[in-house]
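Chains as they are written, first to last, in my numbering: chain A, 28 to 329; chain B, 28 to 329; chain C, 34 to 311; chain D, 34 to 311.
These are computed hints drawn from the structure, not numbers from a lab.
Fair warning: this is a prediction, and the values are worked out from it, not measured in the lab.
Don't take each hint at face value.
So the derived list for chain A, only partly shown, Cβ under 7 Å to chain B, looks like this [what the hints assert, rightly or not]:
| no. | residue |
| --- | --- |
| 1 | Val221 |
| 2 | Arg227 |
| 3 | Leu317 |
Below, computed lysine-lysine pairings styled on DSS-like, alpha-carbon distance capped at 25 Å [to be verified]:
| no. | chain 1 | residue 1 | chain 2 | residue 2 |
| --- | --- | --- | --- | --- |
| 4 | D | Lys101 | A | Lys80 |
| 5 | B | Lys80 | C | Lys44 |
| 6 | A | Lys141 | D | Lys295 |
| 7 | D | Lys197 | A | Lys80 |
| 8 | B | Lys234 | C | Lys44 |
| 9 | B | Lys141 | C | Lys295 |
| 10 | D | Lys295 | A | Lys80 |
| 11 | D | Lys101 | A | Lys235 |
| 12 | B | Lys234 | C | Lys194 |
| 13 | B | Lys80 | C | Lys295 |
| 14 | A | Lys234 | D | Lys116 |
| 15 | A | Lys234 | D | Lys44 |
| 16 | B | Lys80 | C | Lys101 |
| 17 | C | Lys107 | B | Lys234 |
| 18 | A | Lys80 | D | Lys67 |
| 19 | B | Lys80 | C | Lys197 |
Idealized CB from N, CA, C, for every residue including glycine.
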Amino acid sequence: MQTTFLGKTLHTPLVLASGVLGSNKAILERVWENGCGLPTMKSIGPAPREGHKNPTVIDLGNGMINAVGLPSPGYLNMEEEWQELSDRAFPINASIYGGSVDEFVRVAEFVSAKGPDFIELNISCPNSDQHGMIFGVNAQSSHDVVAAVKKVIHVPLIAKLTPAAPDIAGIAKACEDAGADAICAINTAGPGMVIDIESRSPVLAFKKGGLSGPMIKPIAVRCVYDIFRSVSIPIIGLGGISTGTDAIEIIMAGASLVGIGTAVRYRGITVFDKVNKEINDWLAAHGTTLEEIRGAAHREAL
Amino acid sequence: MQTTFLGKTLHTPLVLASGVLGSNKAILERVWENGCGLPTMKSIGPAPREGHKNPTVIDLGNGMINAVGLPSPGYLNMEEEWQELSDRAFPINASIYGGSVDEFVRVAEFVSAKGPDFIELNISCPNSDQHGMIFGVNAQSSHDVVAAVKKVIHVPLIAKLTPAAPDIAGIAKACEDAGADAICAINTAGPGMVIDIESRSPVLAFKKGGLSGPMIKPIAVRCVYDIFRSVSIPIIGLGGISTGTDAIEIIMAGASLVGIGTAVRYRGITVFDKVNKEINDWLAAHGTTLEEIRGAAHREAL
Amino acid sequence: MITQLMPAMVKVAERKIHSPEFATLYIDEPIDFKPGQFVMVWIPGVDEKPYTISHHSPDRFGITVEAKGIFSRKAVSLGPGDKIGIRGPFGNGFNMGNGHKRVAVVAGGCGMAPLAPLVEAFQTDNGPETLLIQGARSKSFLLYPDRFTAKAEICTDDGSKGYKGFVTDILVQKIKALPANLAPGFDMVYTCGPEIMMAKVFEICEAHGIPCQVSLERYMRCGFGVCGACVCGHAVVCKDGPVFGSKALRTMADFNTRALLKTGRSVPLNEYAAWRCQ
Amino acid sequence: MITQLMPAMVKVAERKIHSPEFATLYIDEPIDFKPGQFVMVWIPGVDEKPYTISHHSPDRFGITVEAKGIFSRKAVSLGPGDKIGIRGPFGNGFNMGNGHKRVAVVAGGCGMAPLAPLVEAFQTDNGPETLLIQGARSKSFLLYPDRFTAKAEICTDDGSKGYKGFVTDILVQKIKALPANLAPGFDMVYTCGPEIMMAKVFEICEAHGIPCQVSLERYMRCGFGVCGACVCGHAVVCKDGPVFGSKALRTMADFNTRALLKTGRSVPLNEYAAWRCQ
Ligand SMILES: Cc1cc2nc3c(=O)[nH]c(=O)nc-3n(C[C@H](O)[C@H](O)[C@H](O)COP(=O)(O)OP(=O)(O)OC[C@H]3O[C@@H](n4cnc5c(N)ncnc54)[C@H](O)[C@@H]3O)c2cc1C
Ligand SMILES: Cc1cc2nc3c(=O)[nH]c(=O)nc-3n(C[C@H](O)[C@H](O)[C@H](O)COP(=O)(O)OP(=O)(O)OC[C@H]3O[C@@H](n4cnc5c(N)ncnc54)[C@H](O)[C@@H]3O)c2cc1C
Ligand SMILES: Cc1cc2nc3c(=O)[nH]c(=O)nc-3n(C[C@H](O)[C@H](O)[C@H](O)COP(=O)(O)O)c2cc1C
Ligand SMILES: Cc1cc2nc3c(=O)[nH]c(=O)nc-3n(C[C@H](O)[C@H](O)[C@H](O)COP(=O)(O)O)c2cc1C
Ligand code: FES
Ligand code: FES
Chain A
28 MQTTFLGKTL HTPLVLASGV LGSNKAILER VWENGCGLPT MKSIGPAPRE GHKNPTVIDL
88 GNGMINAVGL PSPGYLNMEE EWQELSDRAF PINASIYGGS VDEFVRVAEF VSAKGPDFIE
148 LNISCPNSDQ HGMIFGVNAQ SSHDVVAAVK KVIHVPLIAK LTPAAPDIAG IAKACEDAGA
208 DAICAINTAG PGMVIDIESR SPVLAFKKGG LSGPMIKPIA VRCVYDIFRS VSIPIIGLGG
268 ISTGTDAIEI IMAGASLVGI GTAVRYRGIT VFDKVNKEIN DWLAAHGTTL EEIRGAAHRE
328 AL
Chain B
28 MQTTFLGKTL HTPLVLASGV LGSNKAILER VWENGCGLPT MKSIGPAPRE GHKNPTVIDL
88 GNGMINAVGL PSPGYLNMEE EWQELSDRAF PINASIYGGS VDEFVRVAEF VSAKGPDFIE
148 LNISCPNSDQ HGMIFGVNAQ SSHDVVAAVK KVIHVPLIAK LTPAAPDIAG IAKACEDAGA
208 DAICAINTAG PGMVIDIESR SPVLAFKKGG LSGPMIKPIA VRCVYDIFRS VSIPIIGLGG
268 ISTGTDAIEI IMAGASLVGI GTAVRYRGIT VFDKVNKEIN DWLAAHGTTL EEIRGAAHRE
328 AL
Chain C
34 MITQLMPAMV KVAERKIHSP EFATLYIDEP IDFKPGQFVM VWIPGVDEKP YTISHHSPDR
94 FGITVEAKGI FSRKAVSLGP GDKIGIRGPF GNGFNMGNGH KRVAVVAGGC GMAPLAPLVE
154 AFQTDNGPET LLIQGARSKS FLLYPDRFTA KAEICTDDGS KGYKGFVTDI LVQKIKALPA
214 NLAPGFDMVY TCGPEIMMAK VFEICEAHGI PCQVSLERYM RCGFGVCGAC VCGHAVVCKD
274 GPVFGSKALR TMADFNTRAL LKTGRSVPLN EYAAWRCQ
Chain D
34 MITQLMPAMV KVAERKIHSP EFATLYIDEP IDFKPGQFVM VWIPGVDEKP YTISHHSPDR
94 FGITVEAKGI FSRKAVSLGP GDKIGIRGPF GNGFNMGNGH KRVAVVAGGC GMAPLAPLVE
154 AFQTDNGPET LLIQGARSKS FLLYPDRFTA KAEICTDDGS KGYKGFVTDI LVQKIKALPA
214 NLAPGFDMVY TCGPEIMMAK VFEICEAHGI PCQVSLERYM RCGFGVCGAC VCGHAVVCKD
274 GPVFGSKALR TMADFNTRAL LKTGRSVPLN EYAAWRCQ
């Protein structure tokens, strides 16, 4: 199921969500070999950062809550990884974050020179006080950061949005206007909190965390649906996608590519091959194509 | 487990969520007899309103999605119900909504004269384009509507908030400053959307709907936790509470009373008696009281 | 698979037209079932409404629709291959008792739909003696004329078939005709039809000390006891019902008097019945 | 109930102090278990870290902790009645094979913890002949001296007990001592200890055509294969491992060379081992 995305050919329409597994070249490659068309690297930040103490990731059964806290070696400390990645046979999406427009620009410019296929701006992470989400809930600051980064990079720019924005479609439009080449939606939802009543304390060390997996799928589908109506750039739809029919659902909402994160927990790394097969089987049984069903949920309404 | 709430004695700390079952006196009474300390009426609006076409409420297994659309006879068309309620033996919480501060004031003043025990302002419903949520996502408009209503009513005022607010603690503070006597959190989350891929159409007639039930519990707990730190008025905590341990969890986050809506689907109308028993059993087994555990999740951190 | 969760899109396998007003749509899918239960039927872009399961076998079931308003007219126009969404089954269904010797089944108009599978279930070797009294406005409104082995007492308002008059007249007559030593004459009376008719049946049963079960209708949204749209007094019709026995009926405010419109406004029954969905 | 979901708060039932450095905490709860699996241990307000299940019976299990940094020092200070959170078990555990005749188990220091239940499982009537080679810095670091029925080969770095030198010396010696007609001499070699030791064991096994299994450690967060903190080359240690066989080791970049710090930065193994959590 080859797909073209912003001029690049991907062997499948599936994307590995940032922050899930993608910590080194070998694992990015393994995910790609297992049917992921576009592996995304863990978000790269402006400085070394350990992230939060554990517990950082808890499986709630129907999804997960996490506050990993944007650990990153810092963009200046990844020479070896870029070296290894330089002769890769597969495409990569480099996710980056910063605490200010300046930091975003500095990281983006540096990373762009390392030759990723795409750069994804994580303006939507709820798990750090200073980084990320503050941009993604405000149209003006989203516009500013995208416009500034766009000027210094030489690869297509993807803006990754948060469902915490009161008007995600408006944020997406602001990003498009600022030059974003695609939208990725959604980052984790909530945030949420789980309290262990025996110890009377929040389970996550950071107390609050982002929700992911099956329980946020309806939010992801709604966000993609809203964004599809407001922009004309392609959308990477993710949030709770675990099966081929989930993927079809978010594609009907308007997604061009489909991201998978938490489902790795429930179906293993081979989830990509499985979902590809399920998508293909469904399309074949219904005598249709991805192009034909993209945004189909809007037709009757439009 | 008698509880005092804003000067009234309730026979249990459980509240029936607005919009769930409470359509007439007989059912409010039945819920009360089954262990609900404070039944809330379905939200009353400024004019007759049918709500949306079906499907309006879908069970997703781990919670529900709904866009009922604020049906209401309109506050002027409920004479008979008020008549019946006038000799009730139980307390009621009258939920109201409006499309403007004026409408809120008009409905509130009228309803207040009918003698409910509390008035709850639904400034948080996602299922109508013109009503409700627009207030609840903005601190200034929340303040305005609460302050205006407070002037014309003679019973305690509860502000019901939405988790869609980027800063629910700030909204709660604005409501407290404007004179709210208590906060109720949360209304449904999201909104979300589910698409039926065979018919390629959103399942809800309104397309989008609010999420409730177990899958939103972490969001509700986080909201109550945040609000508890920002206000000193009591909080009715609800959102996905189905069991005694769920209730304990949200009480530890800071709730004084605990609301139940969707769990009626999963455990029947007797869910109130069941949850009361489970709370009591837990308190007894741990040799503690509701007062002692309220907000306990904040202690270590404070 | 059809469940109480998301509607499952299924194909109409067959449509049987009974008369200009009535058609049965058959679906070739298995569904859990007890006589008296209903499903929510979704026509995307139109609406979703409750319909009794009127026909049931292990791999096929049917609903019988009376063309009335926008939705039901659309429903009876569907044919083989058309897709509809189904969720359910919902509701309690009839209590068929244990060892009933003699029962009466009193159907008015479309009320035959939930009662038909009940009659079929009773028409087995060990089933009770079943008296079926079926009434309708006129002949063409009589559902399933050839469906049952037992002979039915037929009445029509206009006399176009059978007795000219009410099913309740026949019921009283049949109760009185039973030998006096059989007390109560019927172990149970099951009824579905216009609420005023069911109220009359209930009244007759009360007068003769016979327990009865009626199947109610109210405006429904969720179908599973949460939204409160369908309440009738203290009863949640979709969940506690739609079938209610004599004990519940005795204390049920609003039975045969009032119902909630889509707005939630409580109105007299005739106003509710005259109301139409736009 | 202890599951892979939310941590279950359980009471420490007993603490056994082995030496100033080591203690075993026992929990009186049932837990699923295969030798080699681990649990995530949460001390509220402190941190959560992975620990091998070192003792297991139907209603009790234990973890053996080496006091090292902030968390492990806190852990060994816990006593009966103290509560900790447990989720798990995680990981694949050792493949115990089918019909093994002769196996070697090579433990270095705290590496004895995952291997001990394996040795116990092998010490049954039908189990393989088990050669246990146990090494440590010095005598007090030798775990469970009286736990096994089989005789163990002991080595210490300082010669304070047993052979002065490396477990790998003994392993080579034992392989060579086996009659030449037994090929391969061992059906499987199981090992856990410092990674450099395990790498040496692997190398020896490869040279002699003996399959081997090693148990790795990397910084962990989720414990179930999502966060990517623990990757070692293409392997996800918490999920694909922590036990890896010869086949995986042959192509595993980073085995015995590099590991990711908490920041995700890849560093040489000695730098990783010297790193401490604040
Ligand atoms: C438990 C139950 C079982 C039913 N079984 C059958 C059946 O087997 N066959 C059949 O023809 N009809 C049945 N109905 C009625 C059916 O749901 C529709 O109300 C009817 O088909 C009219 O719909 P309409 O859109 O064509 O007419 P409308 O113009 O919408 O309404 C006509 C009347 O139908 C009722 N009604 C409308 N919408 C609803 C709704 N969502 N829920 C409940 N009542 C509604 C109101 O009383 C209204 O006055 C049942 C209703 C209930 C509650
Ligand atoms: C699968 C597995 C099983 C383990 N089993 C045992 C055991 O049975 N007994 C035992 O004493 N220790 C075991 N450990 C190591 C244990 O998790 C701790 O790392 C160790 O106790 C030191 O923690 P600390 O906080 O005291 O020291 P720190 O100062 O935090 O760290 C010391 C070293 O421990 C490692 N480490 C720290 N945090 C983690 C973490 N979250 N995950 C993995 N490694 C970490 C790093 O290599 C670090 O250099 C195991 C680790 C893994 C991965
Ligand atoms: C453990 C974990 C870590 C994550 N880290 C990042 C991150 O560093 N950057 C980012 O943009 N998104 C991060 N996310 C969000 C995911 O990329 C994804 O947007 C979200 O989980 C929803 O998709 P899912 O339901 O398929 O997991 C993380 C998610 C999880 C579960
Ligand atoms: C079917 C349905 C209808 C609702 N209608 C209203 C309403 O009219 N007014 C209101 O304030 N909240 C309404 N709510 C929200 C609930 O009161 C409650 O805040 C929310 O469902 C979260 O609680 P729960 O998870 O226990 O259901 C409705 C919820 C549901 C499921
Ligand atoms: S239809 Fe919702 S409660 Fe009956
Ligand atoms: S600890 Fe998260 S993937 Fe291994």
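Structure-based check of each hint:
1. Because the beta carbon of Val221/A sits about 5 Å from the nearest beta carbon in chain B, less than 7 Å, this interface hint is met.
2. Annotation: Arg227/A was flagged as interfacial toward chain B, and the flag holds, the nearest CB pair being 4 Å apart, inside 7 Å.
3. The interface hint given for Leu317/A is violated, since its Cβ lies 13 Å from the closest Cβ of chain B, which is over the 7 Å cut-off.
4. A hinted pair counts as satisfied when its Cα atoms are at most 25 Å apart, and Lys101/D with Lys80/A qualifies at roughly 17 Å.
5. For the hint linking Lys80/B to Lys44/C, the alpha-carbon distance of about 23 Å falls within 25 Å, and the restraint holds.
6. Straight-line distance between C-alpha atoms of Lys141/A and Lys295/D comes to about 23 Å, which keeps the hinted pair within the 25 Å bound.
7. A hinted pair counts as satisfied when its Cα atoms are at most 25 Å apart, and Lys197/D with Lys80/A does not qualify at roughly 40 Å.
8. Proposed proximity of Lys234/B and Lys44/C is supported: the alpha carbons are some 23 Å apart, at most 25 Å.
9. At most 25 Å may separate the alpha-carbon atoms for a hinted pair to count; Lys141/B and Lys295/C meet this at roughly 23 Å.
10. For the given pair, Lys295/D sits about 10 Å from Lys80/A by alpha-carbon distance, which is consistent with the 25 Å threshold.
11. Under the criterion of a C-alpha separation no larger than 25 Å, the hint pairing Lys101/D with Lys235/A is inconsistent with the structure, at around 29 Å.
12. Between Lys234/B and Lys194/C the CA atoms are separated by roughly 48 Å; this puts the pair beyond 25 Å, and the hint is violated.
13. A hinted pair counts as satisfied when its Cα atoms are at most 25 Å apart, and Lys80/B with Lys295/C qualifies at roughly 9 Å.
14. Taking the CA atoms of Lys234/A and Lys116/D, the gap is about 19 Å. The hint holds against a cut of 25 Å.
15. With a C-alpha separation of about 23 Å, the suggested pair Lys234/A and Lys44/D falls inside the 25 Å cut-off, and the hint holds.
16. Pair hint Lys80/B plus Lys101/C holds up; C-alpha atoms about 17 Å apart against a cutoff of 25 Å.
17. Restraint check: the Cα-Cα separation between Lys107/C and Lys234/B comes to about 21 Å, which is no more than 25 Å; the hinted pair holds.
18. Taken as a hint, the Lys80/A and Lys67/D pair is broken in the structure, with Cα atoms around 28 Å apart against an allowance of 25 Å.
19. Between Lys80/B and Lys197/C the alpha-carbon distance is near 40 Å, which puts this suggested pair outside the 25 Å criterion.
The structure fails hints 3, 7, 11, 12, 18, 19 (numbered hints given earlier, in ascending order).
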